[in-house]
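For the protein sequence lines, the chains are A and B, in the order given. Residue numbers for the first sequence follow the working numbering, beginning at 1 and rising by one. Residue numbers for the second sequence follow the working numbering, beginning at 1001 and rising by one.
It should be emphasised that the hints constitute simulated quantities derived from the structure, not laboratory data. Incorrect hints may appear among the rest.
[As the list claims (entries may be wrong)] Taking CB as the label site, the calculated pair distances span:
hint: 1; chain 1: B; residue 1: ARG1045; chain 2: A; residue 2: ASN119; range: 25 to 33 angstroms
hint: 2; chain 1: A; residue 1: ALA173; chain 2: B; residue 2: ARG1086; range: 38 to 46 angstroms
hint: 3; chain 1: B; residue 1: GLU1119; chain 2: A; residue 2: VAL76; range: 38 to 46 angstroms
hint: 4; chain 1: A; residue 1: THR33; chain 2: B; residue 2: VAL1090; range: 33 to 41 angstroms
hint: 5; chain 1: A; residue 1: ILE222; chain 2: B; residue 2: ARG1086; range: 38 to 46 angstroms
hint: 6; chain 1: B; residue 1: ILE1033; chain 2: A; residue 2: ASP175; range: 46 to 54 angstroms
hint: 7; chain 1: A; residue 1: GLU100; chain 2: B; residue 2: ASP1120; range: 17 to 25 angstroms
hint: 8; chain 1: B; residue 1: THR1040; chain 2: A; residue 2: GLU78; range: 37 to 45 angstroms
hint: 9; chain 1: B; residue 1: GLY1064; chain 2: A; residue 2: GLU180; range: 55 to 63 angstroms
hint: 10; chain 1: B; residue 1: THR1060; chain 2: A; residue 2: ASN119; range: 34 to 42 angstroms
hint: 11; chain 1: B; residue 1: ARG1103; chain 2: A; residue 2: ASN262; range: 42 to 50 angstroms
Backbone N, C-alpha and C fix where the C-beta goes; we use that ideal spot for every residue, glycine too.
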Amino acid sequence: MKRSFAISLIITTSLLVSMPVSAQWPYYLVPGTPLLPDGTVDMDAPAPRTANGNVDFTGTWNVIRHHQGGEQGRPVGEPAEPPPGVPPYATFWDQGFGFENGLPYQPWAREERARRMENNGIDNPDSYCLPLGHMQFHTHGQPRDIVQGDDRLAIIYEASAGVRQVFMDGRPAPDDEALEWWYGYSVGHWEGDTLVVETTNFRGDGWLDFNGSPTTEQLRTIERFNRPSYGKLEIDILIDDPGAYTEPFSLRIEQSIMPGDNLIEWVCENEQSTQYFN
Amino acid sequence: MKIKLIILSSILTGLFVSAPLFAHHNFRSEFDINQPVIVTGTVVRLALTNPHARLYIDATDDNGEVVHWDFELAAASSLLRRGWRRNTLVEGDTVIVHAARARNAPNVGNVEFVTTVNEDGSEGFTYGSPRE
């Protein structure tokens, strides 16, 4: 009897502890969340739409990882094969992981990436509470909120409390003489149910991944946002940066809705750890 | 009873520690995973801050001297989603910290998991901290 009680306790505890993370964090399901007859969230329900009929990307999103994770989540093993017609999956650590020969670096960019890796990423902006690059934000393990209006959309990243704004009111991007920004300048338009976002005016010292694949002020990205179902977000992003790469390339990012969850305040205080960096 | 606790503790550890990992900075730049350390001591303060929470504990070395340890944890928001709260560890709690030592600083480490110790000396709960 004692033994069976102990086993029951272990199983019960395991179930409780392995419940969705959202069960541990204050859980509030927003009105309108599609539910199945058993009361669980219907992740395969159609994507919601705004009053004017556009697909609504609003929600809290968690990155989907397709690769096996090693130390600190570094992708290891064989790259996951995307469906036909879908570009290689992006990873936080190494955007070239899904490419047979890695990214098409310009020679200086290949050397710079090697230098950054050799230095254990000591000059990664994120280590000093400075913003991550778009690709790191898209693939970060901490969630992000999309807040969508008719004429603009904001993406709020929990990591580093990053904020991007996408203008969808037809305004042009500023000229090349305007300031360069950590997040660039993003304008979007609809192609059917796809939101197409072009971003320019980046700073020239960006990091495309944790390993330090560089980007320059010539970087231009085109992101295609799709929400094929209530639960899933797909972003295909074209990276076009002739300053650092010999040809453009595309990556796939996938994210899953986090029903009932929300961002947690994340103010990057002085990084107390850098004093110990080697 | 002790065996049950060990089993329970192991399962809890596995579940918490196997949570998805992600990165803030390069773990290798600060810590050496090949230098694991287990420290038993008394909690001085748990600071749930970002980009990393900190756990300060006092331990006694082989010479009977008090040693102040400074441990790095995951980001506060990551810990909150995994069940940590402000009072998960409070001043005076006895804990066993499993960590990796810093490469170039003594008495500094990165936590893998922390196990509380009950008043009767038995092990209590284990709280994991994903490596970021």
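Hints, verified against the model:
no. : hint                                        : verdict
1   : B:ARG1045 with A:ASN119: 25 to 33 angstroms : holds (32 angstroms)
2   : A:ALA173 with B:ARG1086: 38 to 46 angstroms : holds (45 angstroms)
3   : B:GLU1119 with A:VAL76: 38 to 46 angstroms  : holds (43 angstroms)
4   : A:THR33 with B:VAL1090: 33 to 41 angstroms  : holds (37 angstroms)
5   : A:ILE222 with B:ARG1086: 38 to 46 angstroms : holds (44 angstroms)
6   : B:ILE1033 with A:ASP175: 46 to 54 angstroms : holds (49 angstroms)
7   : A:GLU100 with B:ASP1120: 17 to 25 angstroms : violated (59 angstroms)
8   : B:THR1040 with A:GLU78: 37 to 45 angstroms  : holds (42 angstroms)
9   : B:GLY1064 with A:GLU180: 55 to 63 angstroms : holds (58 angstroms)
10  : B:THR1060 with A:ASN119: 34 to 42 angstroms : holds (37 angstroms)
11  : B:ARG1103 with A:ASN262: 42 to 50 angstroms : violated (37 angstroms)
The structure does not agree with the numbered hints 7 and 11 stated previously, though it agrees with the rest.
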